[in-house]
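**Q** Sequence:
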Amino acid sequence: MEEKEISQSGLAKRASVLGEEYVNRALQWSEDLDATEFQRLLTEFCWAEVWSRDVLPDREKSLICLGMLISGGRQFELTQHFRAAMKNGLTKKEIMEVIIFSMPYAGIPLALEALKSWSAMQKGSDV
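Going by the UniProt record's numbering, 36 is the number at position 36 of the sequence shown; the sequence numbering is gapless.
Just so you know, these hints were derived from the structure itself, not from any lab.
Be aware that a few hints might be false.
DSSO-like, lysine-lysine: derived pairs with alpha carbons at most 30 angstroms apart [unchecked claim]:
no.: 1; residue 1: Lys4; residue 2: Lys61
no.: 2; residue 1: Lys116; residue 2: Lys92
no.: 3; residue 1: Lys61; residue 2: Lys116
no.: 4; residue 1: Lys123; residue 2: Lys92
no.: 5; residue 1: Lys116; residue 2: Lys93
no.: 6; residue 1: Lys61; residue 2: Lys92
no.: 7; residue 1: Lys87; residue 2: Lys61
no.: 8; residue 1: Lys123; residue 2: Lys87
no.: 9; residue 1: Lys61; residue 2: Lys93
no.: 10; residue 1: Lys123; residue 2: Lys61
no.: 11; residue 1: Lys93; residue 2: Lys123
no.: 12; residue 1: Lys116; residue 2: Lys87
Build out the structure end to end from the sequences listed, making use of the hints.
**A** As structure tokens, this is what we get:
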């Protein structure tokens, strides 16, 4: 099967939310692993289709995304999405409120892990 090109609109949306440097690193990483089809599908579905919808503004999408990543314990993605949330207009106080709000719904251990990721991101280190 011949590989298809990655959607330019998906790449543009992904870069606008996560940053061009992050997207370039992800693309290079997948190329090194011979996983370009994985990146193409991810970019097409998540970014060209879902994140590009115009019903909710990116700020609200980031809020929702943080809640879901916290509740799923997805620390690797959470760190990048904290950065994206601030880029999309969420304040540090609002992000902290999302972490607090996750405590009764996702559980204190997951909220604590999110807090650790939030702290590490603010100190300039990745988790």
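**Q** Decide, hint by hint, whether the structure agrees.
**A** Each hint tested on the structure:
{"no.": "1", "hint": "Lys4 to Lys61", "result": "holds, 28 angstroms"}
{"no.": "2", "hint": "Lys116 to Lys92", "result": "holds, 14 angstroms"}
{"no.": "3", "hint": "Lys61 to Lys116", "result": "holds, 22 angstroms"}
{"no.": "4", "hint": "Lys123 to Lys92", "result": "holds, 13 angstroms"}
{"no.": "5", "hint": "Lys116 to Lys93", "result": "holds, 15 angstroms"}
{"no.": "6", "hint": "Lys61 to Lys92", "result": "holds, 16 angstroms"}
{"no.": "7", "hint": "Lys87 to Lys61", "result": "holds, 12 angstroms"}
{"no.": "8", "hint": "Lys123 to Lys87", "result": "holds, 17 angstroms"}
{"no.": "9", "hint": "Lys61 to Lys93", "result": "holds, 17 angstroms"}
{"no.": "10", "hint": "Lys123 to Lys61", "result": "holds, 25 angstroms"}
{"no.": "11", "hint": "Lys93 to Lys123", "result": "holds, 16 angstroms"}
{"no.": "12", "hint": "Lys116 to Lys87", "result": "holds, 20 angstroms"}
When the structure is compared with the earlier hints, no violation turns up for any of them.
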